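Engineer: Chains Y and P supply the protein sequences, listed in that same order.
Quick note: the first sequence uses our numbering, first residue 1, plus one each step.
Quick note: the second sequence uses our numbering, first residue 1, plus one each step.
These are computed hints drawn from the structure, not numbers from a lab.
These numbers come from a predicted model, not from an experiment.
Heads up, some of the hints might be wrong.
As the list claims (entries may be wrong) - Straight-line alpha carbon distances no greater than 20 Å define the calculated SDA-like cross-link-like pairs of lysine to any residue that follow:
1) K49/P x A17/P
2) K108/P x R109/Y
3) K49/P x P101/Y
4) K24/Y x N41/P
5) K108/P x Q37/Y
6) K49/P x Q100/Y
7) K108/P x G59/Y
Said to hold, decoys possible - Simulated restraints, written as ranges between beta carbons of each label pair:
8) V53/Y x N61/P: 19 to 25 Å
9) R109/Y x H82/P: 44 to 50 Å
10) V53/Y x Q115/P: 46 to 52 Å
11) E44/Y x L7/P: 19 to 25 Å
12) V12/Y x Q115/P: 21 to 27 Å
13) Q45/P x T76/Y: 22 to 28 Å
14) Q115/P x E14/Y: 38 to 44 Å
15) S80/P x Q97/Y: 31 to 37 Å
16) L96/Y x S26/P: 25 to 31 Å
17) P8/Y x S3/P: 29 to 35 Å
18) D57/Y x T55/P: 33 to 39 Å
All C-beta atoms, glycine included, are put in the ideal place defined by N, C-alpha and C.
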Amino acid sequence: DAGVIQSPRHEVTEMGQEVTLRCKPISGHDYLFWYRQTMMRGLELLIYFNNNVPIDDSGMPEDRFSAKMPNASFSTLKIQPSEPRDSAVYFCASSLQGNQPQHFGDGTRLSIL
Amino acid sequence: AQSVTQLGSHVSVSEGALVLLRCNYSSSVPPYLFWYVQYPNQGLQLLLKYTSAATLVKGINGFEAEFKKSETSFHLTKPSAHMSDAAEYFCAVTTASRGGADGLTFGKGTHLIIQP
Chain Y
1 DAGVIQSPRH EVTEMGQEVT LRCKPISGHD YLFWYRQTMM RGLELLIYFN NNVPIDDSGM
61 PEDRFSAKMP NASFSTLKIQ PSEPRDSAVY FCASSLQGNQ PQHFGDGTRL SIL
Chain P
1 AQSVTQLGSH VSVSEGALVL LRCNYSSSVP PYLFWYVQYP NQGLQLLLKY TSAATLVKGI
61 NGFEAEFKKS ETSFHLTKPS AHMSDAAEYF CAVTTASRGG ADGLTFGKGT HLIIQP
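Chain Y on its own, in the form it takes in the complex (with noise of 0.2 Å):
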């Protein structure tokens, strides 16, 4: 069974590049949420969905960041333009119901120049 694919594993750009995270959710599952990992902030949620809609955006840092989920299956999270401060390991997660567990995914590693 399938887990939460992330891709791209790494990706290094410059700033003021657009840099587009992809994520495949586990089916079923109707949840899906973007999670940031950064040494200074720790773990922080950016957005999540439910049903494909956005639920919450309050975590998002600003304007440069969006999120799409065009069906049940994908999702992205967009940056433009990129940042150095954008640097972090950017997770997705997703779960079948909202109390439910979440079920992450390996990670982007994301390095702006």
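Model the placement of chain P on the given structure of chain Y, informed by the hints.
Structural biologist: Chain P alone, transformed into the frame defined by chain Y:
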């Protein structure tokens, strides 16, 4: 709003010794509590969960945790540490205050070091 405090950013124990990782939470409504483990360059793996059933929760790899409402704690224990337990451990809380979901609020994590 909820929050999680993990006491001790680093904990070192000898192989075979008791492991105790501390977690205290704050929540205005009954919480759902989780412990996750993260190995280097990997995602988070669920160890165990508390969702208002039994207060003593058993998880994978011999770990367990006890929910104590009076102390607002959810400490993680393992009777005998193995070298393979060396990792980062995160305590997390969420609520169902809106009848659906909130995202997880994580503690800062505790790095567990196992001494041979």
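Engineer: Against which earlier hints does the structure fall short, listed by number upward?
Structural biologist: 1, 8, 9 and 12
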